[in-house]
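Participant: What follows is the residue order along each chain.
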Amino acid sequence: MNAELRPIKTAAETALSAAFAAQKAQLPGMASAREAAFKRFEAAGLPHRRVEDWKYTDLRALMREAKPLAPRPDAVALARAKNAGAAFAAVEGRRIVLVDGVFIPELSDLAALEPGLSIRSMALAAGDPAIAERLGHVVATDNVAVALNTAFMADGVVIDVAERAALTRPLHLVAFNSGGAPASVFTRSLATIGKGARAMLIESHEGAPGNDYQVNTALELTVGDEAHVDHVKITGEGAGALHVSSLMVAVGAHARFNEFLFTAGAAVVRNQLFVRFDGEGTVAGIRGATLLNGREHADTTLVADHVAGDCVAREVFKSVLDGESRGVFQGKIIVRPHAQKTDSKMAAHALLLSEEAEADSKPELEIFADDVQCGHGSTAGALDDDLLFYLKARGIPAKEAEALMIQAFVGEAIDGIEHAGLRDTLIDHVAAWLKKRS
Amino acid sequence: MPAVQETVDQVRRIDVDQYKYGFETIIESDKAPKGLNDDTVRFISAKKNEPQWMLDWRLDAYRRWQTMREPNWAKVHYPPIDYQDLYYYSAPKKKDGPKSLDEIDPEILETYRKLGIPLRETEALLGIQRPAGEAADGGENGESGESGYGRRVAVDAVFDSVSVATTFKEELAKVGVLFMPISEALQKHPDLVKQYLGTVVPVTDNFFATLNAAVFSDGSFVYVPPGVRCPMELSTYFRINERNTGQFERTLIIADKGSYVSYLEGCTAPSRDENQLHAAVVELIALDDAEIKYSTIQNWYPGDKNGKGGVYNFVTKRGDCRGARSKISWTQLETGSAITWKYPSCILRGDDSRGEFYSIAISNGHQQVDSGTKMIHLGKNTISRIISKGISAGQSQNTYRGLVSAHRKAKGARNFTNCDSLLIGDKCGAHTVPYIEAKNASAVIEHEATTSKISEATLFYCRQRGLSAEEAVALVVNGFVKDVLQTLPMEFAVEAQKLISVSLEGSVG
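Note that the protein sequences, when read in sequence, are chains L and B. The first sequence begins at 161 in this note's numbering and counts up by one. The second sequence begins at 80 in this note's numbering and counts up by one.
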């Protein structure tokens, strides 16, 4: 229906306005972009269910209040962050640590950077006109969550990988939320992978359990022509957290791009991906697995925009929903008029483990070219009784049989991750989740 | 894969500039003053000699409508409609209630003759003298008598705002089936109308439905008593003729326990430069074990090849499977209208009820189609099936928009959805916007958008017998929709068959 005029602001909206007015002077750089973005937010307000893109994730209702902006982490917070990201030790990545949204070089592994790799703090780089020029322009969007991020972003990292550079170790961005006090964290990062370069970027978001904090994180990623880039984002925030993430990716020609979203944790998660295919001949895999329990709510919203033709994209999203959780998938494949020979397929499958869980899915196609192959499939249902019976008949206890089937279900998406160490780690995560469930 | 030449040619044959029904009937008509206000509503109600409660209902709708805004979420674009610049009532001048066809203006009879719609029962169907099941003698509309209960079709012809004739009323009355214009039903069976009207599509359902509630002028009313299998097809033929006139018909079909009825509607309009508004509401109610089959051939004037003129078709159609084991099936063939905005839906309230939606939407020229269905599963073990094929050519935009929702209590609900679309040329668009909401674990919902459902084995079988791959696909697709097509009125069936034989080779999901 029509967007309404809403003269009455919610408590959260009022708090955000007050915070912006009071603190904008202290936020690093980009003053005019911040103002413009905040105006956009004020005009629209927090998105609600009558805004089509937020139909199933009513942020206005889910975000009752806006927490105060997080202060710079103190010694206690830094001490807590020491072991953050340890679960991914097998990946042997180069740690880049953000604590409460602030880049902490001392905790990061910045020694002996490979040739062609540069890592900087966004807070310091934001004043650089060259950065200001790129920020917000990788995939321009009028999305309100992105606007809020632009208005309030405090820090993050700027990563540049030069042409033809091949990183031997994955970059592991560890975003840790110390949870000392209720707070909101706004991080913005920019990663630019040059032509023909090879890089893997892992983001893991974690926080103290039981703490009540809000994260709005955004990453703008440019994948150069012929580059090979893997990006994996793991959302494992504390149980009380509200996590809104926006990923904007522009992919060049003849590139390989692999995206994976793993979500298990946080009260509310909204993962938005805006992927634009700018060049021909690119092969992309965009996958995700979501495991929810209790009253958790997770939303994956994907827009795959084929501006150039002749690209192959495969999207596979799996969600396992237990308790009273709600899993949302919204995916849209757009094929622009000249993007002929596009081959884009999207699959979203939800497994409902409890009577109270809910799966909502909206896989959309918008096709403007006639010589393309596009498709989508979406299913929702419980575990197959016949298969369960088969396993039980072979002596496997019911719980174990269930776990096996769930692992296989999620595994189909996880198998798309190229890095064996990370793949194994995530399979362990699934096993741990299943164990906790039983 | 791009569309094959055969498909291109077939779609070309029904391109907008080939519209056959664009002629105009010059006839004197009786109109309400232009514009919309309380008086217009009163005027229409008075014209129909309606009871007070009906007038109150309309006025209430009109007041609510004034507070509503036109929806803008559909993928259709059109200049703002000036609702004050329309006639809301237009009827051919005639004596009150013609007693026989001879009293109907010959111009109107001629119009329907040109459209291939028989209003003279004897001339049209010959079936009166023939036992059911025996082949009818071709003629105006009898092609074959293959279906189980003969080829006779009872027709209600709606011309602008009024029903001009309803055929076979007496014969239907013998088995207790009520088939008449809704205005007549309001006089003769006010209790039935009052009991069911607005119970499926509430007055305030949406902008266009509310407008319809305020100003609807005519439409068909069907009541099939318990246990009765309606002995013939029922159909309504809608014709917009007058300039600047909106058509707002309202159809109400009630299938009482254990009954069956098959109903079909056809629509055409003259070719005109201006856009005409059509905002209809159709309500279907199926009680325990009842079945309603509703078919539509929508061929309103689509506008010329530059996108000028054409009908704005904003329609709310909804069926309520109110009783256990009831079934409602929607079939639509959409080729007309400048803009189509319609989502024939099923509320599967009764346990074990079934809803089906079969749609073929073909857009050409500058047409914009945003159509689909909603299957709301409320009862246990409810089943729904959606098959939608969209073909867009020229500079048209064709969107499938559908919702499948299984509520908490809809244990064991099942849905299967398959929607395919095909683009011909690179200036058109095909879009799919499905919403899938599973609110309980025992519901199984499958949505897919591929053409792979045509079994390889079947294709192989056909090809082995000398058919080309194209012919084989056409044959399979045709076979798939044949059951539906055969129940359509003959003139339509021929037309429809042509459309369906369009191969779906090269589809995108």
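Read the hints as simulated data drawn from the structure, not as lab findings. A couple of the hints might just be wrong.
To be verified - Lysine to aspartate or glutamate pairs mimicking EDC-like chemistry, simulated, CA-CA at most 20 Å apart:
#: 1; chain 1: L; residue 1: LYS501; chain 2: B; residue 2: ASP505
#: 2; chain 1: L; residue 1: LYS227; chain 2: L; residue 2: GLU266
#: 3; chain 1: B; residue 1: LYS490; chain 2: L; residue 2: GLU202
Claimed, not checked - Away from chain B, derived, C-beta distances all over 12 Å, residues of chain L:
#: 4; residue: THR170
#: 5; residue: LYS215
#: 6; residue: LYS492
Unchecked claim - So, partial list: chain L residues that the calculated Cβ filter (under 8 Å) puts toward chain B:
#: 7; residue: GLN183
#: 8; residue: LEU187
#: 9; residue: PRO188
#: 10; residue: GLY189
#: 11; residue: GLU518
#: 12; residue: ASP520
#: 13; residue: SER521
#: 14; residue: GLU524
#: 15; residue: LEU525
#: 16; residue: GLU526
#: 17; residue: ASP530
#: 18; residue: ILE587
Ideal Cβ positions, reconstructed from N, Cα and C, are used throughout, including at glycine.
Participant: Now, for every hint given, state plainly whether the structure supports it.
Facilitator: Against the structure, the hints come out as follows:
1. L/LYS501 to B/ASP505: At roughly 12 Å apart (the allowed maximum being 20 Å), B/ASP505 and L/LYS501 satisfy the hint.
2. L/LYS227 to L/GLU266: 27 Å, violated
3. B/LYS490 to L/GLU202: 43 Å, violated
4. THR170: Given that every Cβ of chain B is farther than 12 Å from that of L/THR170, nearest at about 22 Å, it holds.
5. LYS215: For L/LYS215, whose nearest Cβ neighbour in chain B is about 8 Å away, the distance does not exceed 12 Å, so it is violated.
6. LYS492: 9 Å, violated
7. GLN183: 37 Å, violated
8. LEU187: 36 Å, violated
9. PRO188: Since the shortest Cβ distance to chain B is 39 Å, the answer is violated.
10. GLY189: Constraint on L/GLY189 not satisfied, violated at 38 Å.
11. GLU518: Since chain B brings a Cβ to about 5 Å from L/GLU518, closer than 8 Å, the hint holds.
12. ASP520: For L/ASP520, the interface hint holds, since the closest Cβ of chain B sits about 5 Å away, which is under 8 Å.
13. SER521: Constraint on L/SER521 satisfied, holds at 4 Å.
14. GLU524: Where the cut-off is 8 Å and the nearest Cβ of chain B is about 5 Å from L/GLU524, the hint holds.
15. LEU525: It holds, given that the least Cβ distance between L/LEU525 and chain B is near 4 Å, below 8 Å.
16. GLU526: 5 Å, holds
17. ASP530: 4 Å, holds
18. ILE587: 24 Å, violated
Of the numbered hints given earlier, the model fails hints 2, 3, 5, 6, 7, 8, 9, 10 and 18; all others are met.
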